[in-house]
Structure formats: structure tokens, C-alpha cells
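Undergrad: Protein chains in written order, with my numbering: chain A, 1 to 258; chain B, 1 to 307.
In case anyone wonders, no lab produced these hints; they're calculated from the structure. Careful, some of the hints might be misleading.
[Said to hold, decoys possible] Under 8 Å between C-beta atoms, here's a sample of chain B residues computed to sit facing chain A:
| # | residue |
| --- | --- |
| 1 | 122 |
| 2 | 123 |
| 3 | 173 |
| 4 | 186 |
| 5 | 189 |
| 6 | 190 |
[To be verified] Derived DSS-like pairs (lysine-lysine); straight-line CA-CA distance at most 27 Å:
| # | chain 1 | residue 1 | chain 2 | residue 2 |
| --- | --- | --- | --- | --- |
| 7 | A | 132 | B | 167 |
| 8 | B | 168 | A | 156 |
| 9 | A | 218 | B | 167 |
| 10 | A | 114 | B | 168 |
| 11 | A | 114 | B | 167 |
| 12 | A | 77 | A | 114 |
| 13 | A | 218 | B | 168 |
| 14 | A | 218 | A | 8 |
| 15 | B | 167 | A | 156 |
| 16 | A | 128 | A | 76 |
| 17 | B | 168 | A | 132 |
Beta carbons: idealized from backbone N, C-alpha and C, even for Gly.
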Amino acid sequence: MSTMQAAKLLELENIGKHFGGLAALSDVSLSVRQGDIYALIGPNGAGKTTLFNVITGIYRPDSGSFSLAGAPMAGKKPSEMARSGIARTFQNIRLFANMSALENVMVGRHCRTKSGVLGAIFNGARTKLEEKAIRERAASLLDYVGIGNHAHMLAKNLSYGDQRRLEIARALATEPRLLALDEPAAGMNHAETDSLKSLLERIREDGTTLLLIEHDMKLVMNLCDRLAVLNFGKLIAEGTPEEVSGNPLVVEAYLGVQ
Amino acid sequence: MEIFLQQLVNGVVLGSIYALVALGYTLVYGIMGLINFAHGDVVMLGAMVTLAVVHLLSGSGLPGPMVAAIGVLAAIPACMMTGFLIERIAYRPLRSAPRLAPLITAIGVSMLLQNLAMMVWGREYLSFPQLLPAATYPIGGASISFIQIIIIVSSSLMMAGLSYLVKKTRLGNAMRATSQNPEVSALLGVNVNSIISVTFIIGSALAAVAGMMVSAYYGIAHYDMGFILGLKAFTAAVLGGIGNIEGAMVGGLLLGVIESMGAGYLGTLTGGAMGSNYQDVFAFFVLIVVLIFRPSGLLGERIGERP
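Construct the complete structure from the given sequences, taking the supplied hints into account.
TA: Pasting the structure below:
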């Protein structure tokens, strides 16, 4: 954790999102520094996943704006978000169940490669080289997350923990600047959570900024540099783990009024 | 036995054509859950464009096979463009509409194409000239003609190419991903719209070739030839398991062979009560029986998995 002024990667300004009369997000502003592990916490229904859906382009915010490395992003389509450098995983795992682990990761390479129909039909040398590079990069990402020996298994046949790792590998294949992880440790035991923690730390060391939604407080407090607390769609606290855990509003949101 | 072998040959030829058309239905269904009822009419367009080019070149003195090749090479891009436009104009605006809406526009597009073809090429049956050598070769008591060989070989090559494209290439990978989950594919940077466009374009290219084959084989082309052919190919796709590529190939071949056997044996089997003109009834009867026992088709384990 450096005390130097690190560059801001993701900046959210007054983001609002309503569903009918329900304010899922109101006036949320926060910024994530380049190279940080940033956590988003809050009770169920606080708006965390909605915020993920906004920054990955699934939802268009009703108000406010956000930027990635200074470039305005609000209103872009999901595929453009991915190309700009935002990738994500899902709370309920959403792999391509009937494709192999390797093929799942290869889909993630799609937006960084370009050979098209003509190349595929005429199968030129450039296309062959590119296809080979995609395959090799995907295989090395599977090794990176520790499931290289399962490359040819169908995604649906992988164990739960390995499916979570595969989702991370697939997201990394898009070469994200910001990797958004929605409850990566959900359903994991202590040992699995520990090894996930070291994987996430390694991803950060290798240059990717992490934004995660997580309910495992021990993991959050040990892993992240800063965190934000959402409750009923509003940001109620933001800061380092120490600052946030001492905040009376946070204690109230989690434990109820005493 | 000779009848059996001959009907098998005829059935495989017919089935190869069905399979090419069925692939167009199944590719589109696999990727967006839509039955593109205008697909049969794209086949008709392939035949008509080929025929128009053939007429244009009739006085040129070029050898027949070359004229046929030029004709189909003109039909392929014409059909690709048509398929692309159909999706852009008739289906894309309805992407998030209830499922019945694009089904109705599909029927509308089908009628539109038929009527346009009628205006351009008339209501008459047009005869397709004999461009390929009429030679036949004996195989074990039956015979196979040159054009039959061409149809079987070229459709096998195209199907092998399509399998390779879908299974082994970057594009095919993105197509399969999009068919399993378009939303997640988009989040991974796949441009779902262009994948859908490409799917229509590929299906339409296969349709163009099938259209040329069917009109050259039967020596005839007509503005509504796409209707019954499309219906048969759709049946083949359902028989094999719609959305499944191997299913469309197997379903197409099987339907062709069943129909052909029906034509060859129905008369004998029913003591003359039903002639070969009942072959369609027989084919659809088989479809119904298969669907009773395997509602998702022969290879169609994937149905019902889409959200």
C-alpha cells in the first residue's frame, strides 16, 4: 500500500440507477486507484451487483458518469467495455458449459484477435499463426490459475472451485485493466479461499487492478487496499479496511441499530 | 436389391441437398433461437440467380461446367447479401421482442422474397439447361450420374469445412459461445451482432449452393420452389435435433434416404394402394414417430438448455 498519489483507474461520479420506483444505486461516487485491490461490500440487495452491471455495460446508468483511465465509459456496450479493458466474473458461475475449459478461455481472446470468416475459410498462414497464439495463450492462462491439467474437460464437468478459477482465466484472457470479481470466494472452504487469495494477489502484482464484491470479511480485510460500503444503493463509507471497520454507519448497516 | 441400391444413391443425393439447407436453419436457431422461415426462399434465390447468369452466358460458347460454376459463384454473394439484409431488417429490430414477433416477420420475408422472384422471373416453371455431362456410372447394379457425384462430393466438402470452421477456428469458437450465452459472450468482448450476421451469411452461402444443385438436378426452377424444400430441410433439422450441426447433416441424409425408399417401396408394401407420390407422407410419418420417442431429435440433447 503506497502512500504516494497513485493514478486513478476507475472513477465513478454520482452514478444513479432506478428500477421503477426502486433506487438500486443513488449518487454513488468512488474511485479505484491503478494497482489496488478494491472491495465492494454491503448487505444483500445493497446494489453491489447492479454497480457491476453498470460498469460492465449491461445497464446504462440513469444519471452520473464513469471513466476508465480518464476515458468516459457510461453508455458503452458490453463488448466495448471488454475491449476498453473491463472484465468480470459472475456471482452465479456463467461458463460456456458445453465447451472445454480451453475453449472457454479462447473466447476471452476473441476481442484481442481479429481473424474472420475469410481467414477461417482460406486458412491463410497469418490466420493459422493467430489461432495457434490464441490456443497457447489460453493454455498458459489455465496454468496461471492452476487448472492447466483440465484444459480439455468440459466446463460443466469441472469442480466448483475450478469453475471459479476458469471464470477468472477467461476474464484475464481479455487482457483487462480492471478485473471485476463478483463474490469469488462464495461457497469456498478455508483452504480454497486461501489459495484464491494468493491467486488474486498474484494477478494484482502482474498489473491488473481488482474490484471485488465479497461477503467473506476476513478475506476482504486481509486482501484489499481500500473498500466501499453500499447500503440501500447509497455509499455509506469508503476507505482503508481499518477506517471502514471503525465506522459506526457500517456497524449499524451490518448489525442493525442498537 | 438393385432397387434398394438405386434408391439409396438417390436418397443420399437428395439428403445431401436437404442437409445443406438444414444447416442454415440449425445455425440460426442455435445462435438466436429463431426459425428463419425465409431460408427456403434464399435457396430459391440461389437457383434463380444461377439460372439468370446461365442464360446470360448461354451464347458465350463457354463449356457447360464453367458456366455452372460462374452461375453459382454469382449466386453465393447474392444470397449472402440477402441473408445479411434479412437479419438486419427483419430480425435485429425484434431481437428482444416476444418470440412470436420474429416468427411472423420470417413468414413475411418469405412471402416478400417469393413475390419479388415472381415479379422478376415470372410464374412459369423455368427449365435449367443441361450443363454437366449426362454420363452415368454403374455401381453394384445401380447407377450414379455425374451430377449426383458432384452433389455428394461438393456437399460433403462444404459440410466438412463448416464443421472445421465451427469446431476449430476463432470465429467458430465465438459462434458456439454466443449460442450458449450471448450476454456473457458480449461481456468477453465478442460482438454478438456481427457473429449473428456472419451466421446468416454462412447459412445463406450454403443455401445458394443447394439452390443451384436442386435446380440443376431436377432441371427446373420456380419462384415457390423454396417453400416445400425449406419445409423438408426444416424437418430434417428437427429430425436431427435443431441447433445441432451434426444433427442437421444426419437428419438431412436420413430424410433424403427415407423419402427415396418410400418412393421406391411404398407401392409394393401397400399392394399398390399408395404410390411413390406418397413419399412426403411417409417422410413426415417417420418424423412424427422419431419425435414421439426423441422429442429433441436424434442428436438434439442441447434443446431446452437455453434460458
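Undergrad: Hint by hint, note whether the structure agrees.
TA: Outcome of the hint check:
| no. | hint | verdict |
| --- | --- | --- |
| 1 | 122 | violated (35 Å) |
| 2 | 123 | violated (36 Å) |
| 3 | 173 | holds (5 Å) |
| 4 | 186 | holds (4 Å) |
| 5 | 189 | holds (3 Å) |
| 6 | 190 | holds (5 Å) |
| 7 | A:132 <-> B:167 | holds (14 Å) |
| 8 | B:168 <-> A:156 | holds (20 Å) |
| 9 | A:218 <-> B:167 | violated (44 Å) |
| 10 | A:114 <-> B:168 | holds (15 Å) |
| 11 | A:114 <-> B:167 | holds (17 Å) |
| 12 | A:77 <-> A:114 | holds (19 Å) |
| 13 | A:218 <-> B:168 | violated (44 Å) |
| 14 | A:218 <-> A:8 | holds (26 Å) |
| 15 | B:167 <-> A:156 | holds (18 Å) |
| 16 | A:128 <-> A:76 | violated (32 Å) |
| 17 | B:168 <-> A:132 | holds (11 Å) |
Violation of the numbered hints given earlier is confined to hints 1, 2, 9, 13 and 16; the remaining hints are satisfied by the structure.
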